[in-house]
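Novice: Okay, here's what each chain looks like letter by letter:
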Amino acid sequence: MSKSRTAKEQEMSWVYEGYELVVGLEVHTELKTSSKLFCSCANTFGSTPNTNVCPVCLGLPGTLPVLNRKVVELAIKIGLALNCEVRKSTFHRKNYFYPDLPKGYQISQYDLPINSEGYLDLPSGHRVGIERAHIEEDTGKITHMGSSGRMDKSSYSLIDYNRAGVPLTEIVSAPDIYSPDQAREYVSELRGVLVALGVSDGRMEEGSLRVDANVSVRPIGSSELRTRCEIKNLNSLRSLVRAIDYEGKRHVKLYRRGEAPIQETRHWDENKQRTDSLRSKEEANDYRYFLEPDLKALAPTESLVLQIAGEIVDTPRQKRAFLVESLAGEEMADQIEKAIDHELFPYVRHAIEAGISPRLAVARTANELASIISDALYLTEDRFVEVLRLEESKEISSSQAKVLLNALCQQDQSVADTIESLDLKKADDAHTRNMVEAVVSDSPAEWSRFVEGQEQLMGFFVGKVMKLTSGKADGSVVKDILLQLRATKN
Amino acid sequence: MDGGPLALDACSLSEAVRNKEISVTEVANAVVSQIEQKEPLIGAFLHLDHEALLERAALLDQKIAKGEISGRLLGVPVALKDNMVTSDMPTTAGSKILEGWRPPYDSTVAKLVISEKGIVVGKTNLDEFAMGSSTENSAYKVTRNPHDLSRVPGGSSGGSAAAVASGMSTLALGSDTGGSIRQPASLCGVVGVKPTYGYVSRYGLIAFASSLDQIGPFARTVKDAALLLEVIGEHDSMDSTSILGERPKLLEREALGVQSLRIGIVSELVDNCSVEVKERVLAAARLLEESGAKVDTVSAKAVTLGLSAYYVIAPAEASSNLSRYDGVRFGLRKDGSSLTDMFLTTRTQGFGDEVKRRIMLGTYALSSGYYDQYYGKALATRQLIQRQFDEIYKDFDLLLGPTSPTTAFLVGEKFNDPMSMYMNDVCTIPSNLAGHPAISVPFGVDQSGLPIGVQLLGPAMSEALLFQGAFELERLAMQYLEDVGV
Ligand SMILES: [Zn+2]
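So the protein sequences, as listed, match chains G and L. Going by my numbering, the residue at position 343 of the first sequence is 343; the numbering climbs one at a time, nothing skipped. Going by my numbering, the residue at position 356 of the second sequence is 356; the numbering climbs one at a time, nothing skipped.
Calculated from the structure, these hints are not laboratory results. Hints may contain errors.
Claimed, not checked - The calculated DSSO-like cross-link candidates involving lysine-lysine, where the alpha carbons are at most 30 Å apart (straight line), are:
1. G:Lys296 / L:Lys394
2. G:Lys141 / L:Lys334
3. L:Lys249 / G:Lys296
4. L:Lys38 / L:Lys66
Build the full structure now, drawing on both the sequences and the hints.
Specialist: Spelled out as structure tokens, the structure:
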């Protein structure tokens with residue numbers, strides 16, 4: 001791994017009173033399979049509690065686990081996309097008591113995970129090592145009744161075992177992350193990979209993507225790894241960033257006082273915006289890992305791994321590369337990051353492949369489509385291309401193109417019919433000039449200030465013209481005319 | 001049972017039912033009257049439902065009358081050890097912690113017995129969670145040996161062994177983790193089989209030690225044991241450790257003899273037992289040799305390490321398997337002031353002493369800092385035993401030894417002495433650690449009239465050969481009894 005940092009990385013760096021951060025992240029992702037990891041119950045979110053359960057996932061006496069083959073395939077897919085080594089692996093039991101854990105142990109992978117030693121390259125150029133990405137089962141969901149939300153203060157708790165036995169992949173990064181922003185970048189990129197692979201819906205709020213952060217600090221320039229604390233309950237990228245920042249500073253303050261943090265699990269309190277001790281490792285469970293006798297070793301064949309490798313397309317890295325190459329040197333990094341979203345990317349790729357100028361395709365995708373995609377029930381990729389083609393040939397103005405895209409989202413109608421029904425025909429330049437002159441003579445005070453050089457009034461006039469023409473005028477033409485008029489006045 | 005349907009072996013009984021010589025109702029009534037007579041003395045069952053039994057019998061009779069029925073166990077009484085899950089009967093595993101539990105599903109073996117039209121007599125007593133060698137560790141009752149009511153039937157499948165030995169059931173299923181089928185079979189004078197690991201599905205068997213547990217048959221004859229094992233032995237997709245593919249035919253091995261079979265007498269096993277048992281094993285060996293087998297003595301030093309490896313591995317797995325009895329979802333719950341208190345009170349009151357002893361042993365053996373010293377060593381020992389067996393089976397087809405070091409001991413005799421109780425399993429444990437099949441065949445009685453069992457062992461998936469040997473051993477036992485004039 002290169003120690004030299006890119007400009008982008010420098011921008012993200014975190015330094016506090018002579019210390020730097022060292023962070024490793026554990027990301028749990030629920031896998032999108034139709035059934036659970038070890039039984040045939042449905043794997044769905046939001047069902048009535050305790051309806052997706054059977055003797056196996058309730059851990060009833062006498063039941064045995066049978067590994068879901070689809071889970072293995074998805075886990076391998078993740079491993080390959082993270083450049084991991086995929087190998088023969090085994091399952092272990094992690095033993096502890098908790099009411100949401102039906103068997104009293106979680107079936108997980110321990111010393112031989114299915115994926116190990118990979119990496120993920122971030123958009124900033126930084127590379128984060130992946131130590132392992134293994135398969136394990138989820139627990140049920142426990143809700144403590146009463147205001148405190150804590151078990152010891154509630155009169156009773158409710159448990160929903162629908163989630164028990166849902167397949168998870170736990171992706172453990174190396175301690176290669178050096179700032180809260182880099183942690184955010186890593187999680188966003190990883191989330192993008194998982195969504196692109198079709199293995200996860202990546203929703204942090206629903207808990208289908210869960211992040212724990214291992215945080216420590218060290219004097220700048222040192223390469224030691226100091227005592228780390230594991231932070232749980234990070235439900236959003238925002239809390240991830242804040243919690244890491246808070247925890248890093250807490251460690252620094254302790255060291256500055258001549259104290260040291262103790263290795264423990266801490267909880268991010270969203271209300272108080274701070275981390276609190278959950279339990280120290282001394283009183284933590286001894287999980288008594290041992291080989292799961294009810295399952296055989298998992299040895300994926302080489303042909304299966306090859307077949308899955310062939311199915312991996314559209315990772316964020318691949319999508320970014322496609323756009324960068326299409327744009328041939330044009331600097332649109334921010335728009336590219338938006339356009340590689342899994343819902344948006346098919347549109348921009350389709351447009352570029354259909355011969356639309358990549359610059360226009362990326363701009364319309366990142367600027368306009370991004371804000372309406374969630375409602376775009378009827379906007380097909382073909383219609384998107386049609387609109388861009390009309391704009392490119394200047395048959396409609398760019399503002400008309402935007403109106404048209406909006407309208408196409410709302411109802412299932414051809415582009416031609418929508419233009420017709422909205423009366424969207426581009427105004428000719430002579431008509432536009434008339435309209436501009438009308439607006440100018442309507443607002444003499446604003447006009448004289450514009451003539452004196454108050455540039456911000458440009459928007460005022462353009463807006464007025466647009467209103468007058470019901471958006472049919474071409475904004476750039478309006479601007480040109482305004483500038484011409486001002487030039488002749490001076 | 002004299003002369004009635006219960007005097008018939010399972011093969012003849014189902015044949016008679018099929019030919020409408022006997023009705024299933026007649027069989028069921030015979031079972032009920034036998035149970036009414038014997039059960040108060042023996043205490044083999046934890047659950048009986050005569051009404052349901054007679055109903056099922058009547059239903060089968062109707063179908064037989066219409067000629068629309070077949071089944072290899074048609075009308076044959078079968079008793080199930082109470083650690084096999086049944087949806088129409090309670091399942092307790094002999095523990096207070098599961099008192100009154102009604103499972104919502106059926107074990108694979110129960111389904112197979114029912115689909116072959118066997119009639120399930122009831123659920124039999126066992127040491128709690130199959131942990132024990134005398135059935136005295138049951139939370140519910142003590143089962144007595146039908147040959148001497150002051151003595152134990154062995155364990156942990158003592159109820160199943162006693163039920164078959166006393167004619168309350170023609171067949172029974174047990175589970176064998178370290179000898180829990182073979183040892184009680186030996187002590188009760190019936191045939192008991194521990195199949196190859198993975199031969200019979202464990203789905204629905206309440207786990208004691210998952211890498212060692214295996215279900216197998218009890219019967220009065222080798223032929224009946226073969227029939228029941230043919231019924232329950234098949235691949236099951238619900239059990240990931242179930243062996244794929246077909247199981248061999250066993251009944252057809254009946255008259256093949258032992259001509260030219262190479263049989264080894266394991267000296268370490270023979271040396272560990274009482275004089276009478278040892279003499280009987282050697283007598284069996286002599287008779288096998290006369291029948292044409294090539295018999296030789298063989299030393300297997302590693303098997304002597306089996307007991308200590310077993311008493312680390314089995315408790316370790318049990319400590320994990322028994323974690324699910326926490327009072328949250330099923331079975332006993334004793335309320336406490338906090339969650340931890342509820343867990344503690346439930347488990348303290350729900351589990352018996354032997355179960356607690358093994359949970360503690362196993363938890364300790366798996367703890368960080370002790371794992372390598374105990375669990376790791378035990379696994380290495382297990383591999384050593386497996387390798388030694390592999391070596392021995394290059395020169396031998398089957399091995400011969402005692403099943404239990406002694407005949408049945410008195411109720412209470414070893415109850416407070418766990419070490420001497422554990423010694424009961426010394427001859428049977430090696431097969432479990434290796435995952436190999438073994439069978440116990442009755443071979444007469446000792447001076448006090450207590451049954452002696454002789455054990456045949458084979459390599460993995462050698463059931464066909466094992467039964468071939470067992471058929472001959474059974475024939476030789478009859479011959480032996482005639483010779484000594486019993
Ligand atoms: Zn389930």
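Novice: Against the structure, test the hints numbered earlier, and report the numbers of the ones violated in rising order.
Specialist: Hint 4 contradicted; others consistent.
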